[in-house]
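Trainee: Assemble the whole structure, with the sequences as input and the hints as a guide.
Chains as they are written, first to last, in this note's numbering: chain Y, 1 to 315; chain X, 316 to 763; chain F, 764 to 1037.
Hint data in this document are derived by calculation from the structure and do not stem from the laboratory.
Hints may contain errors.
Think about it this way: if two alpha-carbon atoms lie no more than 27 Å apart in a straight line, the pair counts; the simulated DSSO-like pairs of lysine-lysine are [stated by the list, open to error]:
#1 X/LYS638 x X/LYS554
#2 F/LYS891 x X/LYS423
#3 X/LYS423 x Y/LYS67
#4 F/LYS862 x Y/LYS24
#5 X/LYS492 x X/LYS580
#6 Y/LYS309 x F/LYS862
#7 F/LYS891 x X/LYS401
#8 Y/LYS118 x F/LYS769
#9 X/LYS413 x F/LYS891
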Amino acid sequence: MRCSFVFGLILSVYKEATVLKVLKVPAHTIAVFILPALLIYICIVFIPIGVSFYTGTLDWNGIGESKFIGFDNFHRLLFNDPFFWPSVKRTLLYAVASMVEIPICLLMAVLLNRYVRKANTLVSIYFTPVILSVVIIGQLWKTIYNPESMGGMLNGILVSLGLDSWTHNWLTEPKIAMYSIYLVSLWQYFGYHLLIQFTGVQNIPSEIYEAAKIDGADGFKADRYITFPMIVPIFKISIVLAFIGSLQQFDLVMVMTGGGPAHATDVISTHMYNSSFMSQQYGYGSAIASFLVVLCLAFTLVINYVMNKVERKYT
Amino acid sequence: MTKKPFKTVGVVLASSLLTLSLAACGSNNNNAAPSGSPAASGSASPNKGEKVTLTFQNIYPDETSPSAKAMHQLVAQYESEHPNVKIELDTLNTDQQKLKLKTQAASKEIPDITMVNPAAQMKPFVDAKLFAPLNDVLDKNGLKDTYQGGLLDNYSFDGNVYALPDGNNIEVVFYNKELFAQAGIDKIPTTFDEFLADVKALKAKGITPLAIGEKDTWTGSFLFMNILLRTNGGPGFLKDVVAGTKTFNDPAFTTAVAKFEELVKAGAFPDGATSIDANAGSNIFKTGKAAMFILGTWETGAIDSSSVAGKVGAFQFPTVDGKGDLNDFMLAPGTGFALSANSKHLDVAKDFLNFYTLNLPKVQFDLKNAVGQPQKVDGDLKAAGYSDLAIEVMDLFSKVKGGDLSFDNTMNPAVSQVHLNALQNLFVQSVDPAAVAKEHQTAFEANK
Amino acid sequence: MVNFRKGLVYLLIAVLCVTQLYPLLWLVLYSLKNNEEILSGSFFALPKTPQWHNYSEAFHSGHYTQYLTNSVIVTLSTMVCVILFSAMVAFAITRFRFKYGNIVMLVFLLGMMIPMQATLLPLMIIFKNAHILNTRWSLILPYIAFSSPIAVFILSGFMRGIPNEIEESAVIDGANTYRIFWSIIVPISIPPVMTVCILTFINIWNEYIMAATFISKEALKTLPFGVYSFVSQYSTNYGDIGAFLIMGAAPVILLYFLLSDKITKGMADGAVKG
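Mentor: In structure tokens, the structure reads:
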């Protein structure tokens, strides 16, 4: 019963895709098209996650004998782990921060489109941090964030501006460290979202703007009534990608702080990794992974629901 | 509506089986082609002529280091003496190797030859019966007698030895004589108060007193354990905790935490220490930017080939409040070579390991890497051109009366992680020592 | 006033250019310095004497060509599979009359968010039983699986916007489904496919944890091994790492700038019409 309810919910959220479809095809054709990707995907992603739900109920160090302990791990996770909820909070804040960045990227895209003739090159340049590996990005920003005594650039600039009191140990003060990492991530993915928004803006047919101009809508007024409504679908892509990116954020935190000092920069994925492999409480780590999956499911539904509402309002 | 889902499920299952078996076929071809890897070859009794491939997972990625040179040299020599044996090196950095071995252990498929940390860190693997006992390897060619007395105990469980160490180090304080002179320090500290005064004197001169790379949390723990070794009046604190005769709330532990916090408050460590990784931390010392560095003697060779070579000496960690014995050291028995109990060619692997460890001391000696070897080294260091620092360190070795293993070699991983994080926290905020002790004790009781 | 605003925009654009291009410049300088210069941490300082030998050292001791070949093989096979399979799924979801399309889509969407580290240990066991550990399959399969969701997401966004008339006329002409997919849908989907290409490429090219865990044979190792092989237990030559990072990133950078025009098109086509 409950199962069918969940399915109903999922389907209601996904109803938007009811474009009239032409192709009536037999089941075996559908299978040919869908199964190769789906099978690989199920074997590599879904089965392991299913396994995680199971190992989440074990007291297991990942190596030797395991013992079934029911929901003890989940209970400990939700009620007895002082580092878990803060890590969830940081992860979600991460997600919010990356989503807030997107309107800024849109604004920048509009500006580029309006003021620069061959903006494509600029957009490509802004994209470069995305293609560099996290190892490079992490090393670079560590040298920027370093304390002044170790030649940190940011602190050096602050000192030379006479702002000595503004200097910080950006990656080691527990209250600041996480924000320092957010900033790196926002910087790195700025070009990514800009690229998406820019191409969206660019592909709005210019006739629409010309027509609007005749009606007296120009400049930012035209943006309000044409650009923003037309870019909503792209916005959705960006939001989803930003959200995913923030939940999966792992490498950057590992390279820059390893989750430290003393858990101050732990996000869900690093907490999971450290529990599974450093503390060797694999069962507990699996419980964290399971939680993450449920969280993902919930948020996918929420994002889709909200975005469909917005989409319907504008189109 | 009711029928269709089942049909679809059927199709899915059938095709998934198909894909899996296809994948399996593909892989067999792939496996068999170059060498007949252990996974592919079935029989357990290799005769002389049979092609054998052994995987040797190791942590020597830097090909310029003596350990890596020794490994390449010995592997090549063994292969040339046994043309039917191929040794496949799987070289990883330490962190990655630890992760990989744990993941492999979950599927009971560990490499023929691998490397593992001693005592508490290797216990889960031994409990899971993944390692082969090496007693017969040690008996062959008198290998056992080459090891320093008592060292193999760290790798033994229930009377069987499960790994052979690649090193045996102690922790000392390396110091930069030039920077000491600049700060007007003319004698090495033998008490913690003198030590603290020197830290302050160095700090006043704008010199970073102690190098550390606390992003890798074990570095801080290493230093802390030296203090604990003193405040406890000698070795054995953690063992007593495990045995239940002491708790972390013991004054020995809280005093050690308090002393450690004094160091932090005095500005002993570089700014932003918790974001510096261990390599970068040791480079602070090796580039002459810090006056002292407390770490294992394995650093000796690297210091000698750095820009501060010739300016560095070493001393024993000072006594704390009159407690402790200078001749007790923190002991750091090295990572051990272990063999997979399920290896298809266990006898070949054993033969190789015997050859490797028998010849290692001589090769290491020639590579100027004799400091911190697990085996007795024959030869005159001075005559062989070893540095003054190396000879000084070897001299400290001869003073070893007793000592403790590091925290994560004594306690289980879950408790160790709590400890490591709690110590890292001390670098960034001051915490009541009693609270730190309580955190330890709670974790210990929860993970017994 | 307009000029002032314009000036402000240009200033903003310029500042962004500096901040976004700085990492490349930094890395180039880094790769030419010696350890001491790097650790002294001066930022815009040029190396006193460029350490070109960092490159030759990185080239030789990092097994560059071998790792490069492996990376190229793995990455290319993955990309071909990802694009083909995802395009097929996207086509089916968006163009077939088929009830479970939405569920399939949801399944893929959900997968986008699952962190790879969580699957490491179960995959080890699965791969062992399938006997594909230590083969290229053990990299290609997970890379396909973890790249497909985003690809399906982007491609279906694009295909949803293709007008129905195109297929209707094809059906009237007697083309079957496979024909329609291969000769109509695929050719007009090239722009979003380019987008998928570059995103997949970036993700796979730098992947290390899976590669290090599932591959033990030297002959099959990929480029990130090279980078980490310099980060040894007790000492590090930073300049070499920098040089290796540049050589490792060069193929991505090249590919990106070759494709970048098509990519800017691809992203937009994918979404606006949806």
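Trainee: Among the hints numbered above, which are violated by the structure, and what are their numbers in rising order?
Mentor: none
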